[in-house]
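What follows is each chain in one-letter form.
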Amino acid sequence: MRFIIKNSSTGCERVGMLTEFLKMTSAVIETPTATLLTQGGSVVHLTAEVLSKVCPNPHLLWVPLSNSVHLEHGLKAQGEGIAKFAGLQNYFTCVTLQNMNETTPSGHFENDRVPLWTKHGKKMLTADRYMDLMEVFKPDIILAIADGRTSLAEGSKRILKSIERTGNMLDLCVKRYKESKELQSSCLVVILGGVAISGLTDGSEEFSMDHLQPLGEIFKRVGDAIPKELLHVVEGCWNPAVILTAVECGWDLFDGSYAVKLTNLGQALTLNFDVTNDIDNPYLLDLIDECYKDQFVPILDGCECLACKKHTRAYIRHLLNTREMLASVLLSIHNLYHFDQMFYHARQHIVSNTFNVYKAHIIKQYESYKNVQKSESTDSDNQTPQIKKSRVNKEVSDTYTNSNYST
Amino acid sequence: MALTFTVQAECGMTKARAGLMKLPHCDVRTPVFMPVGTQGTMKGLLPDQLLALDCEIILGNTYHLGNRPGTQVLEKAGGLHKFMGWNKSLLTDSGGFQMVSLLKLAEITEEGVKFKSPYDGSEIMLTPEKSIEIQNCIGADIIMQLDDVVQTTFQDYDRIKEATERTSRWLDRCLKAHKRPEEQSIFPIVQGLLNSELRRKSAEDHMTKNVNGFAIGGLSGGEAKDDFWPMVSLGTEVLDRNRPRYLMGVGLAIDLVVCVALGVDMFDCVFPTRTARFGCALVNKGQLNLRHKKYLTDLNPIDKDCTCSTCKNYTRAYLHCIVSVETVACHLISVHNIAYQMRLMRTMRQNIINGTFVQFVKTFMKEVYPDLNYPNWIINSLQSVGINILD
Ligand SMILES: [Zn+2]
Ligand SMILES: [Zn+2]
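Top line first, the protein sequences correspond to chains A and B. Heads up, the first sequence is in the UniProt record's numbering, so the first residue is 1 and it goes up one at a time. Heads up, the second sequence is in the UniProt record's numbering, so the first residue is 1 and it goes up one at a time.
If you are wondering where the hints come from, they were derived from the structure by calculation, not from laboratory data. We treat Cβ as the ideally placed atom computed from N, Cα and C, and that holds for glycine. Accuracy of the hints is not assured; some may be wrong.
[Stated by the list, open to error] Derived DEER-like restraints, expressed as beta-carbon distance ranges:
1) A:Ser26 to B:Leu299: 41 to 51 angstroms
2) A:Glu80 to B:Arg291: 39 to 49 angstroms
3) A:Lys364 to B:Glu107: 58 to 68 angstroms
4) A:Leu22 to B:Tyr374: 48 to 58 angstroms
5) A:Thr118 to B:Thr363: 44 to 54 angstroms
6) A:Lys374 to B:Glu107: 27 to 37 angstroms
7) A:Phe296 to B:Glu182: 22 to 32 angstroms
8) B:Gln8 to A:Ile279: 52 to 62 angstroms
9) A:Phe296 to B:Glu107: 30 to 40 angstroms
10) B:Thr297 to A:Gly155: 57 to 67 angstroms
11) B:Glu237 to A:Thr118: 40 to 50 angstroms
12) B:Thr363 to A:Phe296: 44 to 54 angstroms
[Said to hold, decoys possible] Partial chain B-side listing against chain A, Cβ under 7 angstroms, derived:
13) Lys76
14) Gly79
15) Asn313
[Unchecked claim] No more than 20 angstroms apart at the CA atoms, straight line, and that leaves these computed lysine to aspartate or glutamate pairs for EDC-like:
16) A:Lys53 to B:Asp54
17) A:Lys374 to A:Asp280
18) B:Lys293 to A:Asp280
19) A:Lys310 to B:Glu56
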């Protein structure tokens with residue numbers, strides 16, 4: 001795989017492309033972009049059949065070992081790597097440790113091993129074991145193993161230790177990578193093909209406007225410190241405001257877990273991408289809310305996704321209210337498509353040298369959403385939908401109760 | 001016309017027939033299996049996926065839909081078809097079965113089914129008129145009369161007789177309350193449990209009514225198979241050949257094959273999608289429980305002869321890894337299970353048209369029972385329509 005910078009504007013932001021993948025040399029993935037988060041190798045809530053309708057173009061899949069390490073036996077038996085095994089042979093994969101929208105416990109680190117938090121508990125991984133797994137998963141991009149689950153609030157002692165440990169494990173990864181015949185079709189990120197930022201989050205934070213500035217500084221400094229021509233990857237469950245701040249500092253690839261997080265909360269992202277149109281935009285819809293029960297309009301007017309073309313807010317709200325699985329499918333379809341569109345417009349604006357306008361336009365929507373939230377309640381994002389859910393589930397329709405029917 | 005039914009081919013030996021049922025939303029080829037989408041959705045599948053699976057008619061549950069989203073929302077949406085984005089045909093049940101089976105406190109009187117709301121404990125009365133009112137609002141192509149439901153294994157003759165006769169009286173009330181006869185067909189339900197005299201009377205009563213098709217109810221409720229099939233056979237014998245016959249709640253492959261031979265045209269069952277949720281995939285020999293360890297490294301598809309999108313893309317080994325962990329596993333197995341039911345029905349239909357149905361039944365039974373150790377009910381039921389599988 002190769003990373004090529006196509007356009008850069010007057011700032012640091014750039015449009016690039018990932019291409020020359022060994023298994024499909026003609027495929028091109030334009031950056032900045034987000035990967036599609038997988039669980040157990042499948043894009044969350046979507047079968048290969050549905051995914052092919054939603055994302056027919058080449059995409060990168062983000063494969064955290066935390067939810068897929070149990071595929072090892074099957075993968076070994078089949079011997080063709082994770083994309084093929086998960087029925088997604090036309091997609092490219094990027095394997096890493098943890099799912100960024102899950103909070104992991106702190107601590108539990110040892111000198112040469114880091115914990116992997118799976119459904120079946122903690123598994124300690126050495127760099128060697130990690131690279132063994134890579135030989136089985138055969139990803140297109142390997143994110144080198146890192147002691148990267150540190151929150152923004154971490155003390156300096158812990159951070160120094162994590163840097164030292166990550167460096168040692170990286171040396172081992174590089175050694176294994178160079179020796180391994182199996183891995184020559186993969187690309188090791190951090191050294192050979194690019195650099196990744198890890199360790200800005202342990203998954204527990206809810207990022208707010210206050211974080212934009214310090215995060216922006218980190219993106220800027222690290223971005224400046226590494227060679228421009230390398231792919232810049234940053235992991236974390238970032239909202240659009242943080243992502244566009246990183247894009248502005250020249251970061252290319254994001255993990256896309258934010259779209260999945262919204263889906264799992266019953267929310268749909270509804271950004272207005274048109275910088276010439278200053279309509280008051282909701283930023284996102286909390287579709288479990290009763291106010292949507294008879295809104296027979298798409299999630300987002302004009303959205304070209306499958307969910308918006310065929311289904312209404314009222315139907316999705318009904319599916320959420322009855323806890324039907326199709327709710328997550330439709331929300332995934334919209335959120336993935338819409339997230340993709342956000343990057344598409346970012347690339348357009350980079351090419352035409354208007355990225356700063358676009359970024360300000362999106363951040364403004366995020367800001368006003370956060371302000372409304374703040375004034376509504378002091379609850380965290382995570383709690384609000386659950387509280388609403390329990391309220392809505394008690395609701396009864398008037399089909400039977402309101403009727404005065406008698407014979 | 002809300003429904004026209006044409007018999008296109010008959011088996012010649014058995015009572016099996018291939019038909020075409022024209023409904024307001026689409027034509028349905030029979031014999032047909034109707035997957036159950038209880039709450040206006042089919043277990044995580046998009047309507048487009050159901051179309052790709054060749055589904056022409058699916059079921060919705062009146063009781064559930066009446067609760068959520070409720071008739072007010074459905075009415076504003078312009079009916080369930082529009083609400084869920086499904087342009088093909090729909091059938092709804094009456095809601096009575098759900099109430100009696102889900103709610104222990106249901107009390108049945110001549111007026112209707114009285115039950116306590118599971119939501120707020122208030123008393124609610126579902127009358128035949130109310131059931132039709134809700135079903136008129138949902139707007140399915142075929143709707144069901146409210147029937148007096150008694151547990152299939154119930155023994156008290158007086159109660160069974162009362163329920164059977166009340167079902168006929170309620171049918172009249174349903175037909176009278178029906179507001180959209182040009183767009184929706186009410187099917188009466190033949191009752192009488194396992195009493196052939198009552199069941200015959202029930203079917204004969206319904207035959208005199210101006211209806212477009214019939215349902216056979218009150219079976220598949222835990223009764224012995226030896227008691228089950230004669231009731232089906234009696235139903236198809238009394239009900240006339242020019243209208244479709246729907247056997248409620250039956251969906252196991254072996255039962256489908258026998259009952260098609262006995263002359264049934266339509267079936268529904270939650271089993272294929274329910275069993276998918278527990279990781280069970282349907283094959284001719286029964287089902288594969290994909291949670292089983294033996295599939296850990298099995299690189300075969302669920303069924304190598306199946307053309308569904310799951311069998312094309314996924315191995316048993318992969319499904320084993322994600323089953324009961326990821327929602328995707330449930331979607332994938334549901335797709336295969338519905339594809340399996342559709343394929344079985346299409347195969348039977350094609351064999352009836354080709355005049356090879358008897359041979360099909362024999363081959364199918366041999367595949368399911370390779371040791372030729374057939375249960376008696378299968379031997380007897382098939383014997384009753386002229387197939388000797390011991391040949
Ligand atoms: Zn959309
Ligand atoms: Zn299949």
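How the hints compare with the structure:
1. A:Ser26 to B:Leu299: 41 to 51 angstroms: 29 angstroms, violated
2. A:Glu80 to B:Arg291: 39 to 49 angstroms: At 24 angstroms between Cβs, range violated.
3. A:Lys364 to B:Glu107: 58 to 68 angstroms: This hint holds: roughly 60 angstroms between Cβ atoms.
4. A:Leu22 to B:Tyr374: 48 to 58 angstroms: 55 angstroms, holds
5. A:Thr118 to B:Thr363: 44 to 54 angstroms: 47 angstroms, holds
6. A:Lys374 to B:Glu107: 27 to 37 angstroms: 52 angstroms, violated
7. A:Phe296 to B:Glu182: 22 to 32 angstroms: Distance hint for Phe296 of chain A, Glu182 of chain B holds at roughly 25 angstroms.
8. B:Gln8 to A:Ile279: 52 to 62 angstroms: 56 angstroms, holds
9. A:Phe296 to B:Glu107: 30 to 40 angstroms: 38 angstroms, holds
10. B:Thr297 to A:Gly155: 57 to 67 angstroms: Cβ of Thr297 of chain B to Cβ of Gly155 of chain A: about 46 angstroms, so the range 57 to 67 angstroms is violated.
11. B:Glu237 to A:Thr118: 40 to 50 angstroms: 59 angstroms, violated
12. B:Thr363 to A:Phe296: 44 to 54 angstroms: 50 angstroms, holds
13. Lys76: 5 angstroms, holds
14. Gly79: Hint on Gly79 of chain B: violated, closest Cβ of chain A at ~12 angstroms, above 7 angstroms.
15. Asn313: Hint holds; Asn313 of chain B Cβ to chain A Cβ min 4 angstroms, cut 7 angstroms.
16. A:Lys53 to B:Asp54: Roughly 18 angstroms between the alpha carbons, so the hint for Lys53 of chain A and Asp54 of chain B holds.
17. A:Lys374 to A:Asp280: Distance ~18 angstroms between Lys374 of chain A and Asp280 of chain A Cα, so the pair holds.
18. B:Lys293 to A:Asp280: Between Lys293 of chain B and Asp280 of chain A the Cα gap is close to 54 angstroms, so the pair fails against 20 angstroms, i.e. violated.
19. A:Lys310 to B:Glu56: 18 angstroms, holds
Hint violations for this structure: numbers 1, 2, 6, 10, 11, 14, 18, all remaining hints satisfied.
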